[in-house]
Amino acid sequence: MQEIRFVCGSGGLGGGKVVAKALDEAMALKPHFIACDAGTTDSGPFSLGSGRSNYPREAVKRDLEIILAAARRAGIPVLIGSSGTAGIDAQVDWVVDIANEIATEHQFKVKTAAIHSEQSPEYLKGLLRESRIKPLDPAPYLDEALLDRTSHVVGMMGVEPLQRALAQGAELVVAGRCSDSALFAAMPIMKGFPEGLAWHAGKVMECGTQVCESAGRGVIYAKLTHEDLVIRPYGEGLKCTPQSVAAHSFYENGDPHLHVESSGTLDLTNSTYEAVDEYSVRIRNSGFKHSENYTVKLEGAEKVGYQSVVIGGIRDPYFIRNYDTWIEDVRKKTTTSVSEILKLAETDYRLDFHAYGLNAVMGKLETETRTPHEIGIVLNVTASTQDLATKIAEISRQPLLHTPIPEWSGSITSIAFLHNPVPLDRGAVYRFCLNHVAVPRTQEEMFRTRVLEIG
Amino acid sequence: MTQLAELATLIRSKNAGPFVLTFDILFKDEKKYRRVKDSGVLTRELFAGLYKCPVEVVRFFECDNALGFKYSIPRPAFQGEVGDPDLHGGQQNAPLMAVEIP
Chain A
1 MQEIRFVCGS GGLGGGKVVA KALDEAMALK PHFIACDAGT TDSGPFSLGS GRSNYPREAV
61 KRDLEIILAA ARRAGIPVLI GSSGTAGIDA QVDWVVDIAN EIATEHQFKV KTAAIHSEQS
121 PEYLKGLLRE SRIKPLDPAP YLDEALLDRT SHVVGMMGVE PLQRALAQGA ELVVAGRCSD
181 SALFAAMPIM KGFPEGLAWH AGKVMECGTQ VCESAGRGVI YAKLTHEDLV IRPYGEGLKC
241 TPQSVAAHSF YENGDPHLHV ESSGTLDLTN STYEAVDEYS VRIRNSGFKH SENYTVKLEG
301 AEKVGYQSVV IGGIRDPYFI RNYDTWIEDV RKKTTTSVSE ILKLAETDYR LDFHAYGLNA
361 VMGKLETETR TPHEIGIVLN VTASTQDLAT KIAEISRQPL LHTPIPEWSG SITSIAFLHN
421 PVPLDRGAVY RFCLNHVAVP RTQEEMFRTR VLEIG
Chain B
1001 MTQLAELATL IRSKNAGPFV LTFDILFKDE KKYRRVKDSG VLTRELFAGL YKCPVEVVRF
1061 FECDNALGFK YSIPRPAFQG EVGDPDLHGG QQNAPLMAVE IP
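Chains A and B, in that order, are what the protein sequence lines are.
For the first sequence, the residue numbers in this note's numbering are 1 to 455.
For the second sequence, the residue numbers in this note's numbering are 1001 to 1102.
A couple of the hints might just be wrong.
[Claimed, not checked] 20 Å max Cα-Cα, derived PhoX-like pairs, lysine-lysine:
1) A/Lys343 / A/Lys333
2) A/Lys223 / A/Lys191
3) A/Lys364 / B/Lys1014
4) A/Lys223 / A/Lys30
5) A/Lys364 / B/Lys1052
6) A/Lys239 / B/Lys1028
7) A/Lys239 / A/Lys223
8) A/Lys343 / A/Lys391
9) A/Lys191 / A/Lys289
Treat the hints as calculated values from the structure; they're not laboratory data.
Take the sequences, apply the hints, and build the full model.
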């Protein structure tokens, strides 16, 4: 095989950026597969903790339908990774179910591999006891009790489980948590193409059109040979330049040169980028160094409690200039009332006041010292149950509304609330509780593949 | 003296995973990139001062082929932790914008 061609259908399945016309243009170049990342941790721990997808079912179906229909017409496989946002088992099954609905409606049969990547606390405890879980930097404290508290833990797969699915003849791979780049690197590496360029292809393609000079709606096409990789976008107004492609290795990466994957490290230190034409860029000299140990990155979320939110604003300049002491008074009055009414100590719950207009976004890193004319206050109440969080938020209403300042005498209303009722219930909130890698006993043991026919 | 924001085409902050915050300073014009690089103003010490963190935790990269500089630090609060004010880490770039370049 002299060259392999492939397409990134979207930087995020369900984001609505797949364009059928742009995909058709790329399909005319006869790609060997289409891949599409469907998840991220960038949206926060909620999806991993709760199981809810970032996108509505209709949005995922809309994008997947365009991609799957094009791939079936061409007879090439589709790889979907980090299905349903976090890639937990239930989200993989959810995407398989959506695919089944599409296949049934289009009356085609699709050999589908569902790859589960969720890890049970019992399995992880076994690894922990054998010192097979290593912290990355920085990492939260990990012990067996934490593993018992997690809502879900997933292992991030590399190319190997995808390659096993492709080797079994899968026409659709619906993977759990997966390295975004691995979706693109899996088949080229299987076919003997250079690993550095194959992984680099994944790195620059996985975010879809973000690799372009200006991102937009469209698809990314790549042609990989044994010497070089050429990528170009299809979609209105889209173009890649050597600088836009080189700079994409910066995006959401702590290190722009080295990217750690399960089986080794992609090294872009010596990569070169040159313009082929107005739209396309050629990449050469990307390296890949295999690691001694096969590692699987772990992601976990645990429930930290329930929240209720209070939103309001202050505009009176006397309140604004007294903000720090005034809000401290509000806090004290609230905690006193909570202690009297609910018999809770201050350590049983949290009050986080965010002062928009003052320093809500940067906190103690804020360098601006000007006095604002208006402050937006968001109070997050976090407690062990929704009932308690709501009650504490209800109790905070009076202190927020009627805490005086020295400048004014008489009864004063100190905040403009936005809502009635004042508190908004947010439900359960989660935190990321793992930044670790597992060193499994075998490469296969963390990923379970089920092959089925859909449609 | 010119402010960094007037020379760069993009100064951004962003999560690099839930535990790392990363800052990119990107240029389209090689001359402007060189001017900033040759000025020697961008250092780990400068960043540690702006972001009130120990200099040992600051990683700094100069990337000639991308015409860009990158800083990375451990996230001040893990992403989405109760109290974390910036879920995507995308609005922490302002202090870098005002850095003066000779």
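Next item on the list: Starting from A/Lys364, check that the Cα of B/Lys1014 is at most 20 Å away, please.
Entry: holds (18 Å)
Next item on the list: Measure nothing beyond the straight line between the CA atoms of A/Lys239 and A/Lys223; if it is 20 Å or shorter, mark the hint as holding.
Entry: holds (16 Å)
Checklist line | Restraint status (C-alpha distance of A/Lys223 to A/Lys191 at most 20 Å) | finding: The given pair, whose Cα atoms are some 14 Å apart, holds under the 20 Å limit.
Next item on the list: Mind checking the alpha carbons of A/Lys239 and B/Lys1028 for me, to see if they're no more than 20 Å apart?
Entry: holds (15 Å)
Note to self: Hint check: A/Lys343 vs A/Lys333, CA-CA at most 20 Å. Holds or violated?
What the structure shows: With Cα atoms ~14 Å apart, A/Lys343 and A/Lys333 stay inside 20 Å; holds.
Next item on the list: Assess, step by step, whether the Cα of A/Lys343 is no farther than 20 Å from the Cα of A/Lys391, and give holds or violated.
Entry: Judged against 20 Å, a Cα distance of about 12 Å means the pair holds.
Notebook entry, point to check: Holds or violated: are the alpha carbons of A/Lys223 and A/Lys30 at most 20 Å from each other?
Noted result: Roughly 10 Å between the alpha carbons, so the hint for A/Lys223 and A/Lys30 holds.
Margin query: Please verify whether A/Lys364 and B/Lys1052 have alpha carbons no more than 20 Å apart.
Written below: holds (9 Å)
Checklist line | 20 Å Cα cutoff - pair A/Lys191, A/Lys289 | finding: holds (18 Å)
The structure meets every hint from the earlier list without exception.
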